[in-house]
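Protein chains in written order, with this note's numbering: chain A, 4 to 161; chain B, 699 to 1474; chain C, 2 to 291; chain D, 49 to 208.
Hints were generated in silico from the structure; no laboratory data involved.
No residue lacks a Cβ here, since even glycine has one placed at the ideal position from N, Cα and C.
It cannot be assumed that every hint is accurate.
Unchecked claim - Straight-line distance between alpha carbons at most 25 Å, and here's what the computed BS3-like set of lysine-lysine pairs gives:
hint : chain 1 : residue 1 : chain 2 : residue 2
1    : A       : Lys80     : B       : Lys748
2    : B       : Lys1142   : A       : Lys5
3    : B       : Lys1141   : C       : Lys243
4    : B       : Lys709    : D       : Lys54
5    : B       : Lys823    : A       : Lys59
6    : C       : Lys43     : A       : Lys59
7    : B       : Lys1142   : B       : Lys823
Unchecked claim - Pairwise CB distance ranges (calculated):
hint : chain 1 : residue 1 : chain 2 : residue 2 : range
8    : B       : Asp829    : D       : Glu171    : 53 to 59 Å
9    : B       : Gly1168   : D       : Pro202    : 36 to 42 Å
10   : A       : Val95     : B       : Lys999    : 55 to 61 Å
11   : C       : Ala266    : B       : Lys880    : 30 to 36 Å
12   : C       : Ala266    : D       : Ile200    : 45 to 51 Å
Each chain, letter by letter, is given below.
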Amino acid sequence: MKIEGNHKIPAPRDVVWRGLLDPAVLARAVPGCEKLEAQPDGSYRAEMSVGIAAVKGKYHGRIEILDPVPPERYRMKVEGQGTGGFVKGEGVLTLAEQGGETVVSYSGEAQVGGIIANVGQRLLQGAARQIVSRFFEAFAREIAAHAPTAAPGPPVEV
Amino acid sequence: MSTKLLGERIKRKEDPRLIQGRAHYVDDLKLDGMLYMSFVRSVYAYARIKSIDAAAAKSLPGVLEVITGADIKDQLGLIPCAAGMEGLKIPKHYCLAVDTVRYVGEPVVAIVAKDRYTARDAVDKVEITYDPLTPVTDPESALGKDSPRVHEEFSDNLAFVAKLEAGDWKALEADSTLKIVKQRLINQRLAPASIETRGVIASYSLGEETLTVWSSTQIPHLLKTQLAILTRTDESRVRVIAPEVGGAFGSKLNVYAEEGVACYASHRLGKPVKWIEGRRENLLGTIHGRDQINDLELYVKPDGKVVGLKCNIIADLGAYHQLLTPAIPTLTALMIVGCYNIPNVWVETKGVFTNKMATDAYRGAGRPEATYIIERGMDLVARELNMDPVDVRMKNFPEPKDFPLALPTGVTYDTANYQKTLKKVLKLAHYPTLRKEQERLRKKGKYLGIGLSTYVEICAMGPSSRMPAGGWEFGMVRVEPTGKVTVYSGTSPHGQGEETSFAQITAEGLGIPFDDVTVYHGDTSVVQHGIGTFGSRTTAVGGTAVFRATERIRKKMARLAAHRLGVKPGDLEFRDGKVETSDGSKSMAFGDVVGEAYYARQLPPGVEPGLTEQYVFEPANYTFPFGAHVAVTEVDAETGEIALRNYYAVDDCGRILNPLLVDGQIHGGLAQGIGQALWEELVYDENGQVVTGSLMDYALPKAHQFPWFDTQTTETRTPVNPLGVKGVGEAGTIGSTPAIVNSVVDALQHLGVRHIDMPLKPEKIWKILKTVDGRQ
Amino acid sequence: MIPESFEYHAPQTLAEASRLIAQFGQEGKILAGGHSLLPLMKLRLASPRHLVDIGRVAELKYIREDADKIQIGALTTHYQIESSELLKQKCPLLPETAREIGDVQVRNKGTLGGSLAHADPAADWPAAILALGGEVEARSESGSRWIPAQEFFVEMLTTTLQADEILTAIRVPALPAHAGEAYVKFAQPASGFAIVGAAARVVLDDAGAVAEVGVGITGVAAKPYRAAAVEGVLRGHSPTAKRIAEAAAHAAEGVEVNADLYASAEYRTHLAAVYTRRALEKAVERAGGK
Amino acid sequence: MRIRIKLNGSWREDDVEPRLLLVYYLREVAGLTGTHIGCETTTCGACTILLNGEAVKSCTVLAVQADGAEITTIEGLASDGKLHPLQQGFWEEHGLQCGFCTPGMIMAACQLLGRNPHPTREEIRQGLEGNICRCTGYQHIVKAVEFAAQKISPQSTVES
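Sequences are here, hints too, so could you generate the full structure?
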């Protein structure tokens, strides 16, 4: 399953870059994230409850940031295993400056295995889009609230 | 007046228990102390098992046992494959995965608990860590040098190659007057999806050291032998019972991992263990059907005579062989010329391993693919030569007098009159009127399609020499001392209605009321021998065994009566509950003759007391039912939606013993064949995940999707068995699929459409329409 | 097939239900007919700790006419709507839509409120309620509010209902004179869910031009939506075949279109236009227009 | 939880876990195994029963939801040892093969004829949209329902 899109974050690129690598910020922004710990090898261990409304599953796994080119781009690998299935994804995030704001573009492939893949086909793509959107909305809020250096911008629109 | 039963429309003996909810399927059985089993299954298509942590599951109150592949690998044998072909690669197929999983849904851990709720809860508590590998999902690229291998012990993913070559291909290829019609055809993967899923109860008695297994199976006797081997139990101590079975369509003609593990668990715990398959498990882990890629070339004379057929078959076998997995695609080659005597045939079949569930026998098993290939092919020939599809077929049919007809494919067709069924169906459908209507509608921009299919299929499996595990069948008739008659059959019908048709055979044979006969099947301790129900064999082979055993009873009873009446046995007839001379002058009541046998006071010399006779029928050949179908479809030019407007079928399954049952088999077959053409598709994504894992995703046909089936029959009897019966279980499925596709392609032919792969989803049609006439 | 364990609560009154649902917050789910929630629970895709079964709250089962509005209690089943003589007269779009939901058994047990609150992106009801410009009533211990349908659906499986609110009723306008309504659907063959479902409501003025128009579309995007662009092209104009087709072509405008095994985004976009046109044609015809 | 259900005419009381599905209650608590399970997704209709006179899929109802309700299952359809006209119809017209979907199919048909005593063939097919049969191709089922309709309320030959 292809996942791609972009979101505008009303903050300068280096602020967004730092935010995207800050476990504390991420932990608050990733929907359903219950735990996110930086590991010695640079990866993160995560525990999260992924889903939409009542449809939820608990997953644990790792997030890896690879080939970082600050503050422009990095590659991200996500692997999670939960009851009845797994999620896996790999993609590239690109940060571009646009009039003092930052456009984060992402493009990647996600793979879902187990019951969600078997019976949830019809909702899968929409759900993935929705979770990604939620993340960026929350992330933008985090940046606005916790990064006073961020230039004040208009209310977040998604 | 004789008691005429054969050929009559007789209501089924099976039905009273079924329509009142009194029948017992596996899940309806409850044994004392019974435990429940559940499975943790692979969520990966291909992965190494790094670790299994079952501690949390084990500590759940009510969980008695957690079993892994490592635990049982040395205790339980491998899942058997009965197909014996030269050079076949047979991978080790454990009941629970050992080290590696190779398809999504493969059983990895079994849990036994006190009830099904606890067993289910425990599944979520088992933590398996996998190391994913790159799965093989496309059978064509699986054959490439660089493809990952499904089994590392083999050098490649090619499980077997089977070749069939006949005729003079040098001459044919040198003949420049021939047209070559080529087409790639995809026969998609299907799920048999009987409404009752699989299920098993294994009960090992520690005291008697006997193993009793209730399984929703088509082959209790074969299963008994295989489970004895698998569980290393003395076969004399194994009993298999197929209780009521809620449909199978080939999917229960197998030996499955869950059956083996249930036996193991019961032996270990000394309690009965039940496992009932869920629907998702069924779609993931019960065998699938079809899944072939067929590259067809037909060599055609300018007048429409087809003189050569070449076909490359790639069969996606899945990861492991189930009982008959590799054998199924070879049946495609066997029947590939259909009802045309094509002298030159060249077929190469490659069976390929992929990271999917095994394919195996699903209703038709290899023959629907064959019929689809040749019937799509004949339509393409008609199109190429601008002929009517009817004329091309008529041109290539052998004459009725040509039978028995030995074909280059190695089979000999018994009897047929293809012209007759085709003419009859054309009349039924008002074919010329339909063609005119089609013309008229085309002018208005409306697309009506008329699709034809003339099929022949191979049934009554079969001569033992051609079968993997015996093709005979066992029948026994016992006249009880009270005069009631018990019939025992080694077949294992599960909806086909042979409790009724076998009773018809015996009651008519003995001249007694239909209600006086009871038929037993499906229990290896009640019926001594048997092969089972599959391959449209039950009535033709099993019914013949019953017929012959009935004859033996007649012979003995005639001898007893003749002895008492002072006539020759040959002078006696069995009718209306009497055994009497044809003029009725000397007569004994049926019951009195039975009394002679049991009281045994005045037996003729050399005659043993009692009235039990058996017969094992070994057919000398298969039988070859045939038929002609016409499908009329309407295609919505705007959305690509297809409406099936009419369906006409004329089928010839040899002699008809009960028209009610024959109609039922035809209708059901049609629904499944039409289902394949229009809706059904078991889909794996590129990572090897099943994405049609529920009946909300896998589209089984529903009542409102069908028109009234207009069906008729012709009766061309077979000399292969004394009943003249050919078999009808799979005919509808085999004939209907190409009729539908031919119909939809026919509807769009004037736009330049040549072929559409199944299932004919509206989106495919829409895309084609968009490209052919540039609309939208 | 076997849900995880949960605690079950069966309040008899709405007040009691509101109290319970406020108490459990995210841990609780309301069970109405159960035909959206139980299938998820059986597959363990949803596992609420507390189920508050409002099935016994009698005050939520009604269909009534109130001046030029129709109000329907949340626990009214699809079948009750399908078979309501009052609705056939006063709001025929609702029975017509009800008939397209699931199957007979599902319609006997599934409820209007349950379906709307679940907000499946391919459910039938939202299209109709949107086309009608309906409103949804939400009640909690702190009071009640009416939410316009357009604001109700937020995204997939998500509405503006707060955790402590219960959907209690819907309200739609009754059919005025010179008006017509229709729902048409392209169904997924296995599940019956809408790949595209289009509901239309048209009111004509004395000159036969479109005075009011509502088009609701389901199945196409992550949430059901009102096709404003379609309505804009029609409003104030004579509903000629040409104009209807032009309008319908905007059916999927401005939304991110779904793709799945049964329809790509491209095909869905096309179907949305075709089915919207068909719904509008029917509605206009029923309104007495040509 | 304690529940009280009038099952095929007689009241009974049982203690059940809230998560117990009605279909398991019928099959395993009440021992009526005529109601079957064919899917997990409220699709196949094999588990159809009458709940307060309405056909529902008992796999998608909790037993506790049915507290106080009247339920009719396939076992309760025949009365005084006489088959219900639908049962007769299914037998007469060969409306079943393996029989697994049959109880649910008959209960759905029961609802159908209750609401529409003289359905057309098309209406019968539509009325059975919630029930899947893999064996019969449905045609004999349609005939079985027609048979029962005629039996229950014979239609006069001349329409008034």
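Hint check:
no.	hint	result
1	Lys80(A) - Lys748(B)	20 Å, holds
2	Lys1142(B) - Lys5(A)	42 Å, violated
3	Lys1141(B) - Lys243(C)	22 Å, holds
4	Lys709(B) - Lys54(D)	34 Å, violated
5	Lys823(B) - Lys59(A)	17 Å, holds
6	Lys43(C) - Lys59(A)	13 Å, holds
7	Lys1142(B) - Lys823(B)	63 Å, violated
8	Asp829(B) - Glu171(D): 53 to 59 Å	56 Å, holds
9	Gly1168(B) - Pro202(D): 36 to 42 Å	53 Å, violated
10	Val95(A) - Lys999(B): 55 to 61 Å	59 Å, holds
11	Ala266(C) - Lys880(B): 30 to 36 Å	34 Å, holds
12	Ala266(C) - Ile200(D): 45 to 51 Å	50 Å, holds
Taken one by one, the earlier hints fail for this structure at numbers 2, 4, 7, 9, listed in ascending order.
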